[in-house]
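When you get a sec, could you build the whole thing from the sequences and use the hints?
Position 74 (the sequence shown) corresponds to 74 in the numbering used here; numbering is contiguous.
If you are wondering where the hints come from, they were derived from the structure by calculation, not from laboratory data. Wrong hints could be hidden among the right ones.
Claimed, not checked - Keeping only pairs whose Cα atoms sit at most 25 angstroms apart, straight-line, the calculated BS3-like set for lysine-lysine is:
no., residue 1, residue 2
1, 50, 189
2, 15, 206
3, 139, 186
4, 15, 189
5, 232, 220
6, 89, 189
7, 206, 232
8, 130, 37
9, 233, 168
Unchecked claim - Simulated restraints on C-beta separations:
no., residue 1, residue 2, range
10, 203, 244, 14 to 22 angstroms
11, 174, 26, 35 to 43 angstroms
12, 88, 201, 33 to 41 angstroms
Since the structure is predicted, the reported quantities are computational estimates derived from the model, not experimental observations. Where is the CB? At the ideal position from N, CA and C, for every residue including glycine.
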Amino acid sequence: EAAAGEAKGPGRGLKTAPIPRASAGELSPEAFYAFNKNGRLPVIVEGEVKSHLASRMSFQDLKRLCGGGLTETSVYDPGTRGWAGLSGKKVMTMAAYLDAHILNRTKAADEDRDLVYSSGAVGLPEFCPKLQFFMPVPKYVATGVSPIDAHGVQPGQPEQYIGPTGTKTELHMDNFLIPFWMSVYKGAKTFRVILFEEIYDTPSLKAFFLDHKKTRWERKVPSSGGNGAVEKKELEIWRPDFAVFPELLEA
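Shown next as structure tokens:
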């Protein structure tokens, strides 16, 4: 994971900081745990998954291996109240998704901002069991705290995520306090992270993020039409409105 984004410099804006990095093979699991302050910090481990077979797979390879698996697709919508800012959910086969949105993608589609995102909706044990041999769980991750079914399988983890350049999700919390990892095999992924301890220890952040369970954080503001009407403004962490969400100035 990485807390990323443009540094705003002095004045109002998000305070950003570099994320600790380690090289593949540099740290044992025990040393890694100490390095990230007992699991409290996101860490980037560079090159950790280069040896995984998935690093050498093409999307055509993925289509051949997992084309029949079902995946849930969605698009980012800054105004939706849906979880992680995703809307328009559809279920399709991985082959259909790759053909329509990755392999045969056109420039016109980019201009239309038709950035369709694929998440597994279910884990690899259900979506495409063979893929687990191509993208093993890193040694730094303890999956023993994840739920398992009656057959001793964790059907919801790990998941696969695919999207064309520009795909994004809104601020959300995955798995609550269960360890989270992201193995990046193609392209790049930028994270913007607010530490849980920072939220919990800052009264304004705690009141906003934790006191009420929400699929997406929002606030009522005066409507642009006037007449005393109000409308709901959704939090956009990639373009935060500090006048509406001043708590973020303390993050």
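> Checked against the structure, which of the hints given earlier come out wrong?
Replying inline: 8 and 11
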